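Residue numbers (the working numbering), protein chains in the order written: chain A, 212 to 325; chain B, 219 to 331.
Among these hints, one or two may not hold up.
Covered by chain A, per the in silico footprint, the following chain B stretches (three or more residues, Cβ under 8 Å) [to be verified]:
(1) 288 to 298
(2) 321 to 327
So the derived list for chain B, only partly shown, Cβ under 10 Å to chain A, looks like this [unchecked claim]:
(3) LYS260
(4) GLY261
(5) PRO262
(6) LEU283
(7) VAL305
(8) SER317
Below, simulated DSSO-like cross-link-like pairs (lysine-lysine); rule was C-alpha separation at most 30 Å, straight line [stated by the list, open to error]:
(9) B/LYS286 x B/LYS323
(10) B/LYS323 x B/LYS274
(11) A/LYS224 x B/LYS323
(12) B/LYS289 x B/LYS274
(13) B/LYS255 x B/LYS274
(14) B/LYS260 x A/LYS224
None of these hints come from the bench; they were simulated from the model.
All values derive from a computational prediction rather than experimental measurement.
Using N, Cα and C, we set each Cβ at its ideal position, and we do this for glycine too.
Each chain, written out:
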Amino acid sequence: DAGVTQSPTHLIKTRGQQVTLRCSPKSGHDTVSWYQQALGQGPQFIFQYYEEEERQRGNFPDRFSGHQFPNYSSELNVNALLLGDSALYLCASTPWAGGPNEQYFGPGTRLTVT
Amino acid sequence: GESVGLHLPTLSVQEGDNSIINCAYSNSASDYFIWYKQESGKGPQFIIDIRSNMDKRQGQRVTVLLNKTVKHLSLQIAATQPGDSAVYFCAEIWNSGYSTLTFGKGTMLLVSP
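Let the hints inform the model, and build the full structure from the sequences given.
Printed below as a string of structure tokens:
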């Protein structure tokens, strides 16, 4: 049983560009959350998707957007990249009806903005 | 692998020692808490959880203590092993129904053989 997978592993972009990160949830999970983890910090919640809709959102600007597909996979899009967007982006999946202890994290995508 | 431990508080112990990692949480209304372990190049991994109506919970080699009066959590690891070396985060949830985690700052645990 595959866990949460993310692609790509690493990505380098230039300021002002746009980026799309991808996540496939663990089998049986229908809810996907995205987190941003700056170096030396704990992850910060960006948003959560369920039934192809954004259900909750953290304190991130509109440059951060997402999408969930019918197969429950998800994308994170960031427009007009800033140097401060450089971070590890983590995807976590859970069953909607499951408890917080059923949330599994992927290995992350390391985004570097130059 | 990817390092997540830059500038984090560090706890260095010898193999076989007991380790205690502390965390101050932010919201007195939080009703659920989780400890995560994050190894280099990996995402956070669930260790143990505790609800706000409990003071203590034990797992295999790990114990979590919750002091709601001072908004403090601790993770105790018995007989620490080199494989326990990682960054440890506490996380709180304000609304258990949504599973949205608010993470603390993290502590790096280094275990010497």
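Now for the hints, and whether the structure bears them out:
no.: 1; hint: 288 to 298; result: violated (count 0)
no.: 2; hint: 321 to 327; result: holds (count 4)
no.: 3; hint: LYS260; result: holds, 5 Å
no.: 4; hint: GLY261; result: holds, 3 Å
no.: 5; hint: PRO262; result: holds, 5 Å
no.: 6; hint: LEU283; result: violated, 18 Å
no.: 7; hint: VAL305; result: holds, 9 Å
no.: 8; hint: SER317; result: holds, 4 Å
no.: 9; hint: B/LYS286 x B/LYS323; result: holds, 18 Å
no.: 10; hint: B/LYS323 x B/LYS274; result: holds, 22 Å
no.: 11; hint: A/LYS224 x B/LYS323; result: holds, 27 Å
no.: 12; hint: B/LYS289 x B/LYS274; result: holds, 14 Å
no.: 13; hint: B/LYS255 x B/LYS274; result: holds, 19 Å
no.: 14; hint: B/LYS260 x A/LYS224; result: holds, 22 Å
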